[in-house]
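Chain by chain, the residues run as shown.
2 protein chains.
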Amino acid sequence: MFDTPEDPSEVEESEREHAVRGDLAASTRLLVDAVIRSTVAEAELVAVRAEIDQLVARLQASQMDGSYGVNRSGSGTVRAQGNAVIGLRNAVAPPLVITQEPEGRAWAEFHLGAAYEGPPGLVHGGVSALILDQLAGEAAAAGGSPGMTGTLTVRYRRGTPLGDLRGECWIEKVDGVKTTVKGHLQDAEGVTVEAEGIFILPRWARVDGERPERFE
Amino acid sequence: MFDTPEDPSEVEESEREHAVRGDLAASTRLLVDAVIRSTVAEAELVAVRAEIDQLVARLQASQMDGSYGVNRSGSGTVRAQGNAVIGLRNAVAPPLVITQEPEGRAWAEFHLGAAYEGPPGLVHGGVSALILDQLAGEAAAAGGSPGMTGTLTVRYRRGTPLGDLRGECWIEKVDGVKTTVKGHLQDAEGVTVEAEGIFILPRWARVDGERPERFE
Numbered sequence: 395m396f397d398t399p400e401d402p403s404e405v406e407e408s409e410r411e412h413a414v415r416g417d418l419a420a421s422t423r424l425l426v427d428a429v430i431r432s433t434v435a436e437a438e439l440v441a442v443r444a445e446i447d448q449l450v451a452r453l454q455a456s457q458m459d460g461s462y463g464v465n466r467s468g469s470g471t472v473r474a475q476g477n478a479v480i481g482l483r484n485a486v487a488p489p490l491v492i493t494q495e496p497e498g499r500a501w502a503e504f505h506l507g508a509a510y511e512g513p514p515g516l517v518h519g520g521v522s523a524l525i526l527d528q529l530a531g532e533a534a535a536a537g538g539s540p541g542m543t544g545t546l547t548v549r550y551r552r553g554t555p556l557g558d559l560r561g562e563c564w565i566e567k568v569d570g571v572k573t574t575v576k577g578h579l580q581d582a583e584g585v586t587v588e589a590e591g592i593f594i595l596p597r598w599a600r601v602d603g604e605r606p607e608r609f610e
Numbered sequence: 395m396f397d398t399p400e401d402p403s404e405v406e407e408s409e410r411e412h413a414v415r416g417d418l419a420a421s422t423r424l425l426v427d428a429v430i431r432s433t434v435a436e437a438e439l440v441a442v443r444a445e446i447d448q449l450v451a452r453l454q455a456s457q458m459d460g461s462y463g464v465n466r467s468g469s470g471t472v473r474a475q476g477n478a479v480i481g482l483r484n485a486v487a488p489p490l491v492i493t494q495e496p497e498g499r500a501w502a503e504f505h506l507g508a509a510y511e512g513p514p515g516l517v518h519g520g521v522s523a524l525i526l527d528q529l530a531g532e533a534a535a536a537g538g539s540p541g542m543t544g545t546l547t548v549r550y551r552r553g554t555p556l557g558d559l560r561g562e563c564w565i566e567k568v569d570g571v572k573t574t575v576k577g578h579l580q581d582a583e584g585v586t587v588e589a590e591g592i593f594i595l596p597r598w599a600r601v602d603g604e605r606p607e608r609f610e
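Going down the list, the protein sequences come from chains A and B. With this note's numbering as the guide, the letters of the first sequence map in order to residues 395 to 610. With this note's numbering as the guide, the letters of the second sequence map in order to residues 395 to 610.
What the hints contain is simulated information worked out from the structure, not anything from laboratory work. Hints are supplied without guarantee of correctness; some may be wrong.
Said to hold, decoys possible - Part of the chain B face toward chain A, derived, beta carbon under 8 Å:
(1) E409
(2) E411
(3) R431
(4) V442
(5) R443
(6) L453
(7) G476
(8) R549
(9) G570
(10) V571
(11) D581
(12) A582
(13) G584
What the hints assert, rightly or not - These stretches of chain B come out as covered by chain A in the derived footprint (C-beta under 8 Å, 3 or more residues):
(14) 457 to 463
(15) 562 to 568
Where a beta carbon is used, it is the ideal one built from N, C-alpha and C, also for glycine.
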């Protein structure tokens, strides 16, 4: 079988839909932030809530069952638009735009605002773990050694301030189906959190030496 | 100095405001879910986005600088309404309602929907870490041994399905300023993810043997 050549009109529509979906989620992220930080009068909060409920009803007029999962575009690109860290559609995701490098490295520069707080003014320790888990998985996949996370260990060297941050992970060692990845988050002053992840290629995916693109 | 007796009218207002804030964030969570899952026409997505932008502007008419931090009610209760896991105001948070038990245990039953997805149909591995970090910190604090997370290790035994889940952490050992906490997440079939956290009481908090209530 041969791959069907891409229909340019379909690709164009997909890109436009991508932009519309991205814009909708971006506005929703601003709403999440404003809901936390707003100090307007209580009556206005009640009024805004009623409007949100109406928007929810309009969006729910037609919706998929369950979660987004992973869809494939015509060109075979995996799209995890619902993903909690990188999902274009997901307002819980910052979202991270991750650059993967073929030697087995993944990095991202991103901004974390009020919605990611743990201790006052600091990134929630678990949010650091969440982001490092995603970066570690993408580093493993970038280097041709994807897998499910077996173990993730996160070491907190100091508090990570909310604001502009960078995260980076890289393959440290590949041993058969087991890949060890290391990485860290940093602010302008240096490393704040370190991570080590062990990724295991699942048994069901060990077919003919082929490896799926990524799992997470 | 004596504590000022609580003014009943102030407490009532605070409880009402609490409900209004909680309802606003709850509706925003539904919006986050609907934005991911909606399959309405593109023009409707664009129209809904324009309405969201107007609501953001209304909420931003007056807002606090930066993140929520931690506020104290008149009665001295710590309120982390912006917290990424438990924050009443925070639509990124599921939110968890955590029960703390004085022997050093913390647990919660909760539901994770489409916004917390990693692999298709499964909870993002990093979201499991995020929730276990919060539960572990609260277990340490519940047992009178609060601290900042030093290390968090998360072991993934199998995929955690999106849906109804339970998480639980407990103090395993206290050694001076260092507290070891263990815990897990589970679905109806049993444990899916295990965690071990080391919490360290920061130097600045080691005053006269007193311990602050909690840090996270």
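Status of the hints after comparison with the structure:
Because the closest C-beta pair between E409(B) and chain A is about 12 Å apart, greater than 8 Å, the hint is violated. About 6 Å separates the beta-carbon of E411(B) from the nearest beta-carbon of chain A, less than 8 Å, and the hint is met. This hint holds: R431(B) has a C-beta 4 Å from the nearest C-beta of chain A, less than the 8 Å allowed. Restraint check, V442(B) versus chain A: the minimum CB separation of about 5 Å is within 8 Å; hint holds.
Look at R443(B): its Cβ gets to within about 5 Å of chain A, closer than 8 Å, so that hint holds up. Interface hint status for L453(B): upheld, as the beta-carbon distance to the closest one in chain A is roughly 4 Å, under 8 Å. For G476(B), the interface hint holds, the least distance from its beta-carbon to any beta-carbon of chain A being 5 Å, beneath 8 Å. Interface hint status for R549(B): upheld, as the beta-carbon distance to the closest one in chain A is roughly 5 Å, under 8 Å.
This hint is violated: G570(B) has a C-beta 18 Å from the nearest C-beta of chain A, more than the 8 Å allowed. At about 15 Å, the closest approach between the beta carbon of V571(B) and any beta carbon in chain A exceeds 8 Å, and the interface hint on this residue is violated. For D581(B), the interface hint is violated, since its Cβ never comes within 8 Å of a Cβ in chain A; the closest pair sits about 15 Å apart. Because the closest C-beta pair between A582(B) and chain A is about 17 Å apart, greater than 8 Å, the hint is violated.
A hinted interface residue such as G584(B) counts as satisfied when its beta carbon comes closer than 8 Å to some beta carbon of chain A; here the least separation is about 18 Å, so the hint is violated. With 6 residues bearing a CB less than 8 Å from a CB of chain A, the segment 457 to 463 of chain B meets the requirement of three and the coverage assertion stands. Coverage of the segment 562 to 568 of chain B by chain A is violated [criterion: at least 3 residues with CB-CB distance below 8 Å; count 0].
Taken one by one, the earlier hints fail for this structure at numbers 1, 9, 10, 11, 12, 13, 15, listed in ascending order.
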